[in-house]
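Participant: First to last, the sequence lines map onto chains A and B. For the first sequence, position 97 matches number 395 in my numbering, and the numbering has no gaps at all. For the second sequence, position 20 matches number 21 in my numbering, and the numbering has no gaps at all.
For the record, the hints were derived by calculation from the structure and aren't laboratory data. Hints may be right or wrong, so weigh each one.
A short, non-exhaustive set of chain A residues, derived as facing chain B with CB atoms under 8 Å [to be verified]: (1) 341; (2) 404; (3) 406.
Just so you know, even glycine gets a beta-carbon here, dropped at the ideal spot from N, CA and C.
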Amino acid sequence: GAVVSQHPSRVICKSGTSVKIECRSLDFQATTMFWYRQFPKQSLMLMATSNEGSKATYEQGVEKDKFLINHASLTLSTLTVTSAHPEDSSFYICSARRDGAYEQYFGPGTRLTVT
Amino acid sequence: GQNIDQPTEMTATEGAIVQINCTYQTSGFNGLFWYQQHAGEAPTFLSYNVLDGLEEKGRFSSFLSRSKGYSYLLLKELQMKDSASYLCAVRDWSNDYKLSFGAGTTVTVRA
Chain A
299 GAVVSQHPSR VICKSGTSVK IECRSLDFQA TTMFWYRQFP KQSLMLMATS
349 NEGSKATYEQ GVEKDKFLIN HASLTLSTLT VTSAHPEDSS FYICSARRDG
399 AYEQYFGPGT RLTVT
Chain B
2 GQNIDQPTEM TATEGAIVQI NCTYQTSGFN GLFWYQQHAG EAPTFLSYNV
52 LDGLEEKGRF SSFLSRSKGY SYLLLKELQM KDSASYLCAV RDWSNDYKLS
102 FGAGTTVTVR A
């Protein structure tokens, strides 16, 4: 199978601090990783697309200086929420896709709470 | 852009059948996915349709009509564990093959 992990699964941080979330593809190489955000009772909203070795592509309305994405290897992408605020509290989910494949494999998600 | 519509909630009895409809509008259709998501968890892949017709996978089946911009997910022999949110997602080649998700349909299975 194709397994994607995320770390941490839950994080609580104070307003103004930064939080880093890791997304790893455990048994395959992911040329593309996606970062989504999901608010309660809402659907997944794509934040950015991350390609290994190049800059991430952000969706309209997503601040790239606030949500820093790094895809340094074929198995790891990181999302850093900088200067977090309570409105950034959400469920952040990554997914990974093999080169040429259609299916995205989702990580288990990270619940971020900013106090 | 993509407009993806699906009902907000559905309730059914254990052992019954439920059909979740999804309609979409997209510029460059390149496949439709169904995912299951339990509360607080990430989505898990259920099915993929790119050609018209029915795809059957155990208790779950998914149908696609590209000309109508319509799909449905059929859940048979419902079990309590099937209580979850079901997300319809469309891939669009004119949008760099990204997935756009519907808001999800919450299915509640009652004993």
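Participant: Run the structure past the numbered hints and jot down the numbers of the failing ones, going up.
Facilitator: As far as the earlier hints go, not one is violated by this structure.
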